[in-house]
Amino acid sequence: MGETRKRNCFVKWISSGKVNKRLCIVTFMFFPLLLLLVFTYIPFFKMFQFSFYDMKYIGSREFVGFENYINVFKRDDCFRALALCGYYIVASFIQLGLALYFASVLSFKVKGGGIFKGLMFFPFLVCGIAVGFVFKFFYTRGFVLDTVLQWIGFELDNLPYWLRDSSINNASLAASSIWRYMGQNMVLFIGAIMSVDSSLYEAAAIDGATGWHKFRYIIFPSIKTIIVLNMILSITGSLSVFEPPYVITGGSFGTSTYFVIMNKLAHENQKVGLASAMAIVLLLIILLATAAQKLGFKYFFGDGEEEAIRTRRKREKARREQA
Amino acid sequence: MKAKKILSLGIAATMVMSMPLAVNAEDTNILDVTLGEDYTDLTADLKFVTHRTDLVDTVFADYIAEFQKMYPNITITYEGITNYADDIMTRMSTGDWGDIAMIPTAIDKDELPSYFEPFGEKTVLEEKYTMLNNFTYEGITYGLPSVGNAQGIVYNKKVFDEAGITELPKTPDEFLDALQVIKDNTSAIPMYTNFAAGWTMSAWDAYIGGSATGDPDFMNDGLVHGDDPFTKNDDMTGPYAVYYVLYEAVARGLTEDDPTTTDWEGSKGMINSGEIGTMVLGSWAVTQMQEAGPNPDDIGYMTFPITVDGKQYATAGPDYNYGINANSSDENKLAAKLYIKFLMEQSNFAFDQGGIPTVVGAEYPDIYAAFDGIELVVDNPAKEGEENLFTDVNNDSEIGLNVSPDDKSLIVEEAISGGRSLDDIMADWNERWTAAQENAGIK
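The listed protein sequences derive, respectively, from chains X and E.
Heads up: take any position in the first sequence, counting from 1, add 1150, and you land on the numbering used here.
Heads up: take any position in the second sequence, counting from 1, add 1176, and you land on the numbering used here.
Please note: incorrect hints may appear among the correct ones.
If you want the ones that stay clear, here's a sample from chain E, every Cβ over 12 Å from chain X, calculated [stated by the list, open to error]:
hint	residue
1	P1280
2	E1303
3	E1467
4	E1507
5	K1619
In silico EDC-like pairs for lysine to aspartate or glutamate, Cα to Cα no more than 16 Å straight-line [said to hold, decoys possible]:
hint	chain 1	residue 1	chain 2	residue 2
6	X	K1286	E	E1441
7	X	K1286	X	D1307
8	X	K1286	E	D1434
9	X	K1286	E	D1439
10	E	K1245	E	D1214
Quick look at which bits of chain E chain X covers, simulated, 3 or more residues with Cβ under 8 Å [said to hold, decoys possible]:
hint	stretch
11	1414-1424
12	1428-1438
13	1573-1585
It is worth saying that the hints were derived from the structure and are not from the lab.
Virtual Cβ for every residue (Gly too), placed ideally from N, Cα, C.
Full structure from sequences and hints, please.
Structure below.
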């Protein structure tokens, strides 16, 4: 008698929504969390630990405290390399601008819109190493880029060596990353623009709004969040840029970014502890950059539904002046 | 009680009888085994990690087939790693990387026993094999060389004829003059650096020992203990002379126009067809250049143009060495020894690759004819207790001799931009080298 009641209880409990809900949560969370733990957090903590040791990949390790961190700040090549990120940050703004432009155009009915979207998104699907090789040939003296420029009237003798000339080679590399990531940004923007209620455009059109007005007062405020996200991603990406300089120039002729130096120290000179410390320092820099960006954006454009701090202050100031 | 005892005895007996062929890899000397007669029923599954990605499906597949005629139950799987020198170090830290590897050059000598199976005492192995210094620690050898290399310069004979060079240059300045003549009289690129490939730049480090000094103790003693080893010698010998050739050739415009976009695979065909005059590469490259086009006979090999007291030398030494994983099972270790013995003695690998033989008394390939009268210098091992010093100083200074291309690439960069002079660069190296020597407790 008691047995059956108990079983009834259990069956009831198991079939109640509560258990199912929890079971769902647990099973759905398990694998992503496991992957995150195994491939992100454990390696990260290992690296954090490495950064306090004088160690090679194999062999004995020696605890050295903060010496590696001190060395990162003492070396002049690390932070000089960070200055190169300026090129990539400028490039990322160009990239976002282009992406936003194409996204606003392609979100409306355009002839062959699908094809254009596909063509522009395509580079993102190509593996970074392959992109590197493509651009190596693209920039080779007398090859693709030079040929095209000669068609439109440039003389080969007046053209720079795109990868050798240290006044231009970082810009050449940054351009390759614009080509690669612009499409991805554009697709994210298109997704966000699609979610804008189309009746707003009609209403605006009746009020006599131009294309620019529509963009400034309807599209832009609605996709603010996605713009912030894209900017944060682009800038953190610029700080940790690796593939283009590593594959195309191997860091030669002054194109060695922070990551390229880190890779060299860890793999070629076997200074794993120092390289780990560099990675942690870069992480902190990225966190700071992200926080600064978020604050800046909040100040100028507001966060989500919230109004920008600047506009609020202006209004208050105006109100106080009136009073 | 009694019944139990009998039972346990019986079990023990059956266990002994059913035990497979007793294998003790440690006691099996690679020299005592006769291939095709001993251990022919050994069963094992070997994994071989190699840097020769180009040979995995062709030459190595043939070797496996031939080996399996003698040892049908041993299977071998090759895994080619493109970025070998870097990746293998990461893989090794796990212990579970396979059974046979090409021992990474960056490894510390005192780590050898914990990662690799000993082949035996060096004094014994020397009766049969050559060039065992690099991976011998405290008298025990952990690696056997796959191929031997001599360091020289690959050149195109036809280009030299066309330019009117009748005698091979013997000093850095004679060589630079010869390059100038090639530039003036032919359409070929006098010297191709293959800059973009990266490793081709660290390949220059191979000449600073034997080729530049004639001293077999230079790398492990003169360089490690010496004061400012990169300083210019008045007779143009030593490391400075080697990098002088590189710096001056680039500065005088005797190399390719744009080093950032050189193409290694393409360069083989170019030297074969006479579009390139010289390339500074080890003897292993000769076969590849010969096979890259229709003119194998035009490819020649010469010593590096440095003369020490009227005599020319060439660094010689082992390429990558075979090593057996210390963590493999006994069967696998033994099978690995058998296969390595086969590779060393029966496959003809060293000869086919145009290398210096790794077996005592074996034949030299034809390309070494040009080395007649030139003394091959094999580096002596470091003194006992100093086995790690070179690696330590090399890593700590970050000059990365034989490992890292960066500082050598910088020589080319400065020569092109007309920035720092070679003396300045070498002074910087001396400074870093001395600091690292101090850290290592040498000074």
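Hints, verified against the model:
1. P1280: violated, 9 Å
2. E1303: Check passes; 31 Å lies beyond 12 Å.
3. E1467: Given a closest Cβ separation of 24 Å, the condition holds.
4. E1507: The claim holds: E/E1507 sits with its nearest Cβ about 25 Å from chain X, beyond 12 Å.
5. K1619: Holds, since 20 Å exceeds 12 Å.
6. X/K1286 / E/E1441: holds, 14 Å
7. X/K1286 / X/D1307: At roughly 20 Å apart (the allowed maximum being 16 Å), X/D1307 and X/K1286 break the hint.
8. X/K1286 / E/D1434: holds, 12 Å
9. X/K1286 / E/D1439: holds, 10 Å
10. E/K1245 / E/D1214: The hint holds at about 13 Å.
11. 1414-1424: violated (count 0)
12. 1428-1438: Coverage by chain X holds for the stretch 1428-1438 of chain E (5 residues, Cβ < 8 Å).
13. 1573-1585: Answer holds; 7 residues pass the 8 Å Cβ test.
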